[in-house]
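Protein chains in written order, with our numbering: chain P, 785 to 1070; chain U, 1191 to 1511; chain L, 188 to 437.
To be clear, the hints were calculated from the coordinates, so they are not data collected in a lab. There could be a bad hint or two in this list.
Unchecked claim - Derived lysine to any residue pairs resembling SDA-like cross-links, with alpha carbons at most 25 Å apart:
no.: 1; chain 1: L; residue 1: K253; chain 2: U; residue 2: N1393
no.: 2; chain 1: L; residue 1: K242; chain 2: U; residue 2: K1213
no.: 3; chain 1: U; residue 1: K1213; chain 2: U; residue 2: K1344
What the hints assert, rightly or not - From the structure, some residues in chain P lie toward chain U, with a derived Cβ separation under 10 Å:
no.: 4; residue: L821
no.: 5; residue: Y917
no.: 6; residue: S966
no.: 7; residue: L1005
no.: 8; residue: L1047
Said to hold, decoys possible - Which stretches of chain U does chain L cover? Using the computed rule of at least three CB atoms under 8 Å from a CB of chain L, they are:
no.: 9; region: 1266-1280
no.: 10; region: 1296-1308
Think of the CB as a built atom: it goes at the ideal place given N, C-alpha and C, for glycine as much as any other residue.
As a plain string of letters, each chain reads:
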Amino acid sequence: MSGILASMIDGLLIGSVYGLAAMGLSLIWGVMDVINLTHGAMIALGMFGMYLLFGASAANPYLLLIPVIAAGLVLGMIVYWLSVSWVIDRPQLMSLLSTFAVNMMVIGIGTAIWSTSPYNVNFSLPGITVGAYTFTGNHIAAAISAVVIALLLELFLYRTRAGKAIRAVADNRDAAELMGISSTQVLMVAFAIGIALAAASGALVSTLFPFTILSGASYQLKSFVVTVLAGLGKPFGALVAGVLLGLLEGAVSPFIAVSWIPLIEFGLFVVVLILFPRGIFGRATA
Amino acid sequence: MMLRRPLFWLILLLAAVFAWLPKHGNNVALREDLILVAVAIILTSNLNLMIGYTGYVNFGHIVFYGLGGYVGLYLMTVRSWHLIPAALTAGVAVSVLALLFGLGILRLRGAYFALATIGVLEAVQAFVSNFESWGRSTGMYVSFESYVPMGGPKHALWLTYFLIIGVMALSLMLSLGIRRSKFGLGLFAIREDEDAAIVLGVNATLYKAIIYSVSAFLPAVAGALMFFKNGMIDPSIAFEYMLSLEGIVMLMLGGQGTVAGSALGAGLYERLRSYLLTSPRLSAFHLVIAGALLLLVIRLAPGGLIGWLYRLVPRSREVIE
Amino acid sequence: MTDLLQVRGISKRFGGLQAVADVSFNLGEGEILGLIGPNGAGKTTLFNLVNGVFKSDAGTITFLGKDITGRSPDQVVHLGLARTHQIVRPLSGMSVLENVIVGACFGRENQSMREARATALEVLERVGLADRANSSARALTLAGKKRLEVARALAARPMLLLLDEVLAGLNPTEIGQMIALILSIRDGGVSVFMIEHVMQAIMNLSDRIVVLNLGRKIAEAPPAEVVKNADVVEAYLGFPDIVDKLRGAQ
């Protein structure tokens, strides 16, 4: 197996975590037309959440995802109440600025507590070796976890009443209200789920790489790239696009210094938005 | 007529006070305090052109300042240029770059543009960190020789201070001038409803590109001056994302869309920040307080302090621009 | 009568929907040309094609002898073609006067701020909004906002004014005032192309009428002929051969 192929497969694995993160962003964006600039901070909180839980219990991190998700839901509701509930019907820039403000607060508190030193979660699963290359066990487990969570989300959205309500509100809020769906509750739940997804992806990242409170920012950029690639309102599309992004990174990283990757991703983000205002696969952005 | 506008004279007075106070008592500590306020005012008033006048949020505004610093320092240290031509060239170079970048990203509306500006900041930082001629992540240093043509470091620092005050006055004058001009009217129309503005004959693409480029010029000049004064530049201090964020807080706090608001917000916040950074307990919470302040302003008084003044005293709208 | 506007074979498709299909017509100098059709006929889309908001998939548009196909709305205004919106779009944060000044500054004559202010005051007087000049545009009633739309477009000193359902939502008195205004606009030398659903008004105002149905032009004639046109009646009443049936019933 060649080096590039191995790198790409690894990228594919990590990409599923990008996809999971992007699902959170895309869900919120698609349902309530809010661009959640706390996304990166929430991912970072997920990283630290896993760190704390693992440190306290030494339990299997993949099981610890459950309390992380639960905490993410609660956190999401708080953030919603703090900065989003009242900007729902205002110009999009308002939600941008208010989530931005909350982001600053969270990063500020996080920096105060944890400074900017790197942390990590000391947990390793045995890897799988193919020829000269070993695929880290954590990467494989993270990919599996991401896919499982994504599937659960799909099930929720398409097989439960609450999920249907969310999709209805995303499609046409007024019509949904006329059908008796309380859109304010639905919006809060959708937002909370979006945050929980971000936290879960952060928790998975914490098992892969060292992190600081500022690490969420680069994942936020990746989430935006993935979201515009996939178009809004298609969670599974976000997962696929995330995997593609990971693949792309894998293909490119043997040749280019790591610090150029954000640049390429940014370029991709801008180019895609200019050429495909509706996302490559998806329905219209704002 | 500019001369009949009270703010014109207030700006001149402000500049005069800033210039005279520290020089009079040869008070270097005061000078250092005031220069930070002046830089904050420069950044905020130019940011106002994008956010307040045109309605386009630029999260990566600091990129102009940092790039200006880099171009300026490169010209001064590697090419041995004198301070003033280097600073002016930095301003021009960065505005031209901004025009080129702008023509691309300004096709994006509202929130997407805002996101793209974050990307621009990160992209430039990544580029500069890898750019050999600019010292990559180590950056560049100003050697002693560069101060000699100005009569030594002490004189050089005072010269830089006065130049910064000049740039501050120019920034405020620029905002003031645009505000009542036809160009400014076009910008306001874009802010209110871009599509309607286009149907009314405003060439939105051109106007946005021009104002984005113009809003880059003076911050870039200021960057060249300030990093020269500080003696060094590297990617982490040139493109401090925090400063970009604070610019937005300052502008919203003072009152976006107004000239007085940008100066007021910058001045007040700068004082607050200095206090926070020197207080041992609170310095870690600097970012938290900035964020909380922004949230409060957006929720309670989106027009900032000046907006609040306008509501209290409607006639002040004409006078305090 | 010379032709101010010549539209030849313009079309617009949105995904699966052919909104406008191969439409051609002329508009003469000094004319009031009406545009009617059932809902969804493509009238506003046609306006959007003429003033450059949408790019036509095919065909040409010639205004004052110049080919304006594919030009952007701001370019088109500079040539003398102004337009109002069906759903009013005031520049809410600005005053009524400022709104109109924008129209004058960026219109055909590219006026300076001073000239534009004079023009704006004159136009506001004409449309009857002079007393609200310093009010916020947001504070106007719907009728006021509609007059503001017209004022803004007039301030651009156009040769041709596109009015998109400018009477919708107005009460009878307001409709009467607006009709008088439209006539005075035409008398002042500005040609008018107007979409309207208020049948009585458009029948009385228009010199000729273009009828659209499902994106196609089904008639272009003076009002008296249009009302007798079987295709037009069918389009509005929805039943094929209804004219025959109605005649048969007599």
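We went through each hint and held it up to the structure:
1. For the given pair, K253(L) sits about 20 Å from N1393(U) by alpha-carbon distance, which is consistent with the 25 Å threshold.
2. Only pairs whose Cα atoms come within 25 Å are accepted, and K242(L) paired with K1213(U) is rejected, the gap being roughly 62 Å.
3. Under the criterion of a C-alpha separation no larger than 25 Å, the hint pairing K1213(U) with K1344(U) is consistent with the structure, at around 12 Å.
4. Residue-level restraint check for L821(P) holds (minimum Cβ-Cβ distance to chain U is 9 Å; threshold 10 Å).
5. This hint is violated: Y917(P) has a C-beta 28 Å from the nearest C-beta of chain U, more than the 10 Å allowed.
6. For the restraint placing S966(P) at the interface with chain U, the shortest Cβ-Cβ distance is roughly 24 Å, beyond the 10 Å limit, so the hint is violated.
7. A hinted interface residue such as L1005(P) counts as satisfied when its beta carbon comes closer than 10 Å to some beta carbon of chain U; here the least separation is about 7 Å, so the hint holds.
8. Taking 10 Å as the C-beta cut-off, the interface hint given for L1047(P) holds, the closest approach to chain U being about 4 Å.
9. Using a Cβ-Cβ cut-off of 8 Å, 0 residues of the region 1266-1280 of chain U lie near chain L, which falls short of the minimum of three, so the contact claim is violated.
10. As drawn, the region 1296-1308 of chain U meets chain L at 0 residues by the rule of a beta-carbon pair under 8 Å; below three, the given contact is violated.
Hint compliance for this structure: hints 2, 5, 6, 9 and 10 are broken, all remaining hints hold.
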